[in-house]
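**Q** Given chain A, put chain B in place with the hints provided.
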Amino acid sequence: MQQITMGEAVNQALREEMRRDEQVFIAGEGVGVGIHSNPKFPTFGLLEEFGARRVKDTPVSEAAIAGLAVGASVMGLRPVVEIMFNPFFTIAADQIVNHAAKLRYLSGGKSKFPLVVRMKSGSGIGAGCQHSHNLEAWLAHCPGLKVVMPSTPADAKGLLKSAIRDDNPVIFIEDMILYFVPGPVPEEDYQIPIGVADVKKPGRDVTLVTWSKMLGTAFKAAAQLEQEGISVEIVDLRTLVPLDEEAILKSVAKTGRLVVLHEATRTGGFGGEIAALVAEKAFVQLKAPIKRIAAPDIPVPYSKPLEEFYLPNEKMVIEGIKALL
Amino acid sequence: MENLNQVKLLETMLLIRKFEEKLEDLSKEYGKLHGMMIVCTGQEAVAAGVSAALEPQDVIISNHRSHGHLIAKGALPNLIMAEIYGKRTGYNKGKSGTLHIAAPEVNALCTTTVVGGGIPIAVGTAFAAQYEKKDFVTVCYFGNGASDEGSFHEALNLAALWNLPVIFVCENNIYSGAQRLEEHTRLKDLADRAIAYGMPSQVVDGNDVLKVHQATAEARQKCLSGQGPILIECKTYRWGGHSTTDFQSYQPKEEIEQWKQRCPIELLKNTLLGTGQLTEAVWQQINEEATKQVEQAVQFAEESPWPDVTEALEDVFA
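Just so you know, the sequences run in chain order A and B.
The numbering of the first sequence is my numbering, which starts it at 1 and goes up by one.
The numbering of the second sequence is my numbering, which starts it at 1 and goes up by one.
In short, the hints are calculated from the structure, not lab data.
Keep in mind that this is a model prediction, so the values were computed, not measured.
Heads up, the beta-carbon is just placed ideally off N, CA and C, and yes, glycines get one too.
A couple of the hints might just be wrong.
[Claimed, not checked] Pairwise CB distance ranges (calculated): (1) A/Val196 to B/Asp192: 48 to 56 Å; (2) A/Met316 to B/Pro305: 51 to 59 Å; (3) B/Pro305 to A/Ile35: 51 to 59 Å; (4) B/Pro305 to A/Pro182: 53 to 61 Å; (5) A/His36 to B/Pro104: 36 to 44 Å; (6) B/Glu255 to A/Glu22: 51 to 59 Å; (7) A/Met316 to B/Val309: 55 to 63 Å.
[What the hints assert, rightly or not] In silico DMTMM-like cross-links for lysine to aspartate or glutamate, where the CA-CA straight-line distance does not exceed 20 Å: (8) A/Lys220 to A/Asp198; (9) B/Lys253 to B/Glu21; (10) A/Lys112 to B/Glu314; (11) B/Lys134 to A/Glu22; (12) A/Lys110 to B/Asp315.
Here chain B stands alone, though its shape is the one from the complex:
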């Protein structure tokens, strides 16, 4: 923790926030983006806190709400944005779009939108670490809804049975589609699901980036010393709907407002202003920097060429 650059954490969260806000804005412009956007506004502390505890060789497996995970792991906003635009310069040459971005350059190896689909894959990447005795962990992100899937249970059982170095990060943002937590499970804490597999678990305030970071750093150490896997439930909230096409009719306005009072960025900013690690001037500066990066990403994406249609036939087989 001593070495943790907390201002950097703030920068990461801010970049994610501005990236997602830009996508929300672009979604309102007819014809700009192809398809709906799934953004993580309000949940930035999870990705930022987790990734701050990771090393470059660590692997992440992400889900449909992936942009924050990717940015925090070091994926470049330009290449993410270009992929979202469907341009040839994107991470996956326009074949993935917003929903399935893989950035092997930063070991973000798989983003899957099949709910729970990434969890068994994380078992495989973690198995590779154990098999080859390599020092890396796998972080597998998924939402509360994914913990209802059979794949979650099969994967956690196998990971626990084999002591695999994988950190399962459940981002509980209260909603699974339009269903609230109490409408899709009887459990209050999804971390309790780990008990069924003899796996340690922890509930963390998912809007407190320092707590997320600490939990991940400890989990990583345990995994590397052969005491994995671990399930971390990060309790958080999505300010928006499931996607930019969701009118949030089921999401009480007061609830959204309450959670906005616990904005992960404001929480850290105020802490750092209080301790003197941050000044208003620096805050302004990192705001401008984040805005600039996102603007540049949009410009890069818009100026990038479309893929040639013949490229659709490429990359099926190696």
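Isolated chain A, as found in the complex:
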């Protein structure tokens, strides 16, 4: 099996979907000719293969980019647009929150909006808080949007293909550090369904629910705990909306303990939703209180030690899990 990074996997998904379906086009800032020409980046080489008709470099206009997707999708095209960084979503938010998410409902189910908005996210690159701010909980709070956050190259490829073929607006959030992390990716055309979590590691004693870049942190913590005889089951959500409640509840029923780990800040983070779900539906199965491990409620700081302090690490996960046992 090929070993490629998530950036390359996203690139493959885009390339294959554009070859498969003429209705698919991409647009965004620097998706054709960008300031960073890097083969590990998702849109690398697409302009050369598909030309300027289907690879649309736009001005720096997030509202127009998102509106372009809304309007093009209602006409039957399948736009995959890029908002360069998750925090820049705020200047496209009206189009995404008030239009992409709501217009199908407002049409009484007559219209559909098969669009994908890709966004980069994640701290750890020294770009500061206006580039590195995980806002997935905001998006998950808007009925009408599907929210996908892959953690591995193989998931990214299969999920993006599903997102492009989905008839609804899908927000696809890619962690920038994961762009450079390799993993095995099947060569053939495959899809991973949206809304299905994946047990990345089975375990017995505690359920660790996580997504995106924190999967790596979860694995590191689980490996150390394993040496001490503590068995961790890692549930990678992959998709926040629709949420695979069954997978979470099934795992908690097995382990009786829940830790939620995410990179976004704590208050109002999506971890609260997972905790509430388990408290409502599996309270009697819990042997210990639910634990959330998340970033502190601060903007992502720039200074290297401060940024490292921001990001949840395996030590916090290990301590958090041990406290429940």
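**A** Structure of chain B alone, referenced to chain A:
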């Protein structure tokens, strides 16, 4: 222009007028309608003139003052009224109400009440025409206030950059909420905003339906020959307030009266009576027909069933 049925234009404007007057009346009856009504009384020439220059495949994107746009594009008064009543038989099963009606059947694809929110979407629908080499244009209606929004500027820049077949129709009715034009911009002509994007534009008397039609017909031809987009500013006036709950304390009575003297319907009617294209008898007839259509729409809406509450959970996802 030779083929333009001017009596039909009069009929369209009259139907819009009577529809809106009925809503104003119904608003005064407690419990009839849910929420405030935003009507376009006095501005009928814009919608009627624009749509008379369009073909069925052309797309419109509308704003909060949408009823005229929808009727002129061919949306059915019965289904609009039922939607305004919140009934299951309405265009959107009662989920939109007066403010967000979509009638994909006539390519009225989006009505948005976020001021300026529809303008970037029009860029998208126009892009689809260009991408698939299809012969249709998009008309995007918005008010003078929307031209202050960032979305207006982003969208016009992108539309111009890509030569998209979109006609931006700014209905300048002088007011943006309670603010007069000179209180929300230094510009006299909002058409001038197009200069910033290298886009042609035009100021049109928005109460002269024939001029609106002519400007739109020319703009449509330009768009289809790859010379789009275009901004048309239609100068008009809303006789009422922002909505039926607006007491118009800021709107001088004399100003309203002056504009009523330039009623778009009376203007065309008198022209057509003068040229003999219209007789008093025909005028009476089209009046009665418009009244009848609106009465029927109200009856249809009132007799229609409410949606079942379980339907609230439907149509979020495809």
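**Q** Now tell me, hint by hint, if it's right for this structure.
**A** Hint by hint, here is what the structure shows:
1. Checked against the given bound of 48 to 56 Å, the beta carbons of valine 196 of chain A and aspartate 192 of chain B, roughly 54 Å apart, stay inside it.
2. Checked against the given bound of 51 to 59 Å, the beta carbons of methionine 316 of chain A and proline 305 of chain B, roughly 56 Å apart, stay inside it.
3. Hint check: proline 305 of chain B to isoleucine 35 of chain A, Cβ distance near 58 Å, so the stated range 51 to 59 Å holds.
4. The beta-carbon spacing between proline 305 of chain B and proline 182 of chain A, approximately 59 Å, falls within the hinted interval of 53 to 61 Å.
5. For the pair histidine 36 of chain A and proline 104 of chain B, the beta carbons lie near 40 Å from each other, so the given range of 36 to 44 Å is met.
6. Checking the proposed 51 to 59 Å range against glutamate 255 of chain B and glutamate 22 of chain A shows it holds: the Cβ atoms sit about 54 Å from each other.
7. For methionine 316 of chain A and valine 309 of chain B, the hinted distance range of 55 to 63 Å is not satisfied, since their beta carbons lie about 45 Å from each other.
8. Proximity of lysine 220 of chain A to aspartate 198 of chain A is assessed by CA-CA distance (about 18 Å); at most 20 Å being required, the pair is judged to hold.
9. Our distance criterion of 20 Å between C-alpha atoms is met by lysine 253 of chain B and glutamate 21 of chain B, whose separation comes to about 19 Å.
10. Between lysine 112 of chain A and glutamate 314 of chain B, the direct Cα distance comes to roughly 13 Å. Compliance with the 20 Å bound is thereby established for this hinted pair.
11. Restraint check for lysine 134 of chain B and glutamate 22 of chain A: the C-alpha separation of about 15 Å stays at or below 20 Å, so the hint holds.
12. Between lysine 110 of chain A and aspartate 315 of chain B the CA atoms are separated by roughly 8 Å; this keeps the pair inside 20 Å, and the hint holds.
Of the hints listed earlier, the one the structure fails to meet is number 7.
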